[in-house]
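Engineer: For this one, chain A is given, so just place chain B on it according to the hints.
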Amino acid sequence: MARVTFPFGPQHPVLPEAIQLQLTCEDERVVEVLPVIGYMHRGIEKAAERNQYPHNVFLCERICGICSFIHALTYCELMEGMMRVEVPPRAKYLRTAWSELSRIHSHMLWLGLLADSFGFESLFMQCWRAREIILDILEMTTGQRVIQSSCTIGGVRWDIDTETAAEVRRRLDNFDRELQSVRPVFTSDYTVKARTVGKGILPREQAWSLGAVGPTLRGSGWAYDARTLGYAAYGELEFEPVVENGGDAYARMMVRLREVGQSVELVRQALDRMPAGELAVTVKRFPEGEGNIRVEQPRGELVEYARGNGTVRLERLKVRTPTFANIPTLLVMLPECEVADVPVITLSIDPCIACTER
Amino acid sequence: MQQVPVEADRDTVVGPEELVPAVERLVAAGTRLTTMVCLDVDPEFELIYLFQQSTLELVRLRVRIGKGQAVPSISSVLLGAALIENEIKEFFGVEFTDLALDFQCRMLMAAGSPKTPLLKITAESKFGGVE
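Heads up: the sequence lines are chains A and B, in that order.
Throughout, our numbering is defined as the position within the first sequence, counted from one, plus 65.
Throughout, our numbering is defined as the position within the second sequence, counted from one, plus 1.
Excised from the complex, chain A in its bound form:
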């Protein structure tokens, strides 16, 4: 059988962003794959060296339009750690609540895209309708649906008062009902299982050695979740990493589906336990020395490294996003699959190329 190499992407109906997979196939079977990126690099790390360090909060949250809050949180916690700034407890809980709301809407977006990738349009619409409830909560509590700008070095910019918190809980109950209505479709529907079970298997050992993170790693049996490091208020809340052992697209989907429910519970915990007090402290220092931080984004572990020299500008800011770590896993997942399964398997790592290229 002659081998044929052809491009999958960068423009493709199932790809939300531009990435190309150079697929080498024998008939309908994929034998080799080479991921090609480079369509949307924005030079964010270079820009971070030129900005004054407090302004990088706004830069970092523009790395991604889905997990923008968590990008800002990561940078703020890194700077606070380097300058030994103690954030008020209330701000830590607010950060946690907004982080988990970001995770819910990211996962619901992905679940909808997955359904769309195999033509399950009604499921796609149900997921995105439920996601609107979360975006409304973000708008109600921060004024913005996409780029919240609610995190700042030293704390947060806005509060969630008692009345608003009650409304958030009421809307979360509505969301929970929507989630319960779609959950059985994902767990048991014939079409969903036929397109995901046994597809794109990532064995446990290779998941670790290739550097997989987030649901891609936890779907291969690793209980590895950076939230257990205890940043923000995670150290004071009860949760366990969600783990599935199948290693296939179905397992990765199940991790995200279960994490949505977990995140709803974490938002409730954060609102219930949030202490009264200040929202932020004034920071009048400059970062010096070096530091690194790991934070759990919806797609996995985000790693940032910074080096400061005691001035208002950083010498270096390095951002390692989760999709950058997950792309090598496609080299294992895609070979031997059918061409028709490439979209679902590629989506199963929840690729965010804007994050990856920065």
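Please keep in mind that the hints were generated in silico from the structure rather than gathered at the bench.
Hints are not guaranteed to be accurate.
Said to hold, decoys possible - In the DSBU-like style, the derived pairs of lysine-lysine whose C-alpha atoms are separated by at most 35 Å in a straight line are:
1) B:LYS116 - A:LYS111
2) A:LYS349 - B:LYS121
3) A:LYS258 - A:LYS111
4) B:LYS121 - B:LYS68
5) B:LYS68 - B:LYS116
6) B:LYS121 - A:LYS111
7) B:LYS68 - A:LYS111
To be verified - Not close to chain A: a few residues of chain B, all C-beta gaps over 10 Å, as computed:
8) VAL14
9) GLU19
10) ARG26
11) ARG33
12) GLU45
13) GLY81
14) VAL95
15) GLU96
No residue lacks a Cβ here, since even glycine has one placed at the ideal position from N, Cα and C.
Structural biologist: Just chain B, lined up with the frame of chain A:
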């Protein structure tokens, strides 16, 4: 648990020739690569290899090389390192020997893009120095 600082006893400086054996030892002990950071500390590059254990503990290796000097790629030990090494090659001009997957400095930037954009701009690099 480590977040911002890394304890000094988990931060080791190695020479370029000791790098691959040191990585092999870490991998054999169940550690994996998280990321690599390149710093332009004129007249050298400092490469920081950030590893993590399944318990989330971090371990760092540091390598210092002169500009123009090549460093061995660790992609033969950890394939996931290839993308990171390609990025460093593209942004800083660091040469890696035996790179498993070489995008020829076209992984993130186009042919007409600025070369090695993350190198520090100094008076010498900008104006060629003063006689």
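Engineer: Each hint: holds or not?
Structural biologist: Going through the hints against the structure:
no.: 1; hint: B:LYS116 - A:LYS111; result: 13 Å, holds
no.: 2; hint: A:LYS349 - B:LYS121; result: 27 Å, holds
no.: 3; hint: A:LYS258 - A:LYS111; result: 44 Å, violated
no.: 4; hint: B:LYS121 - B:LYS68; result: 13 Å, holds
no.: 5; hint: B:LYS68 - B:LYS116; result: 15 Å, holds
no.: 6; hint: B:LYS121 - A:LYS111; result: 10 Å, holds
no.: 7; hint: B:LYS68 - A:LYS111; result: 20 Å, holds
no.: 8; hint: VAL14; result: 14 Å, holds
no.: 9; hint: GLU19; result: 21 Å, holds
no.: 10; hint: ARG26; result: 15 Å, holds
no.: 11; hint: ARG33; result: 6 Å, violated
no.: 12; hint: GLU45; result: 14 Å, holds
no.: 13; hint: GLY81; result: 4 Å, violated
no.: 14; hint: VAL95; result: 14 Å, holds
no.: 15; hint: GLU96; result: 20 Å, holds
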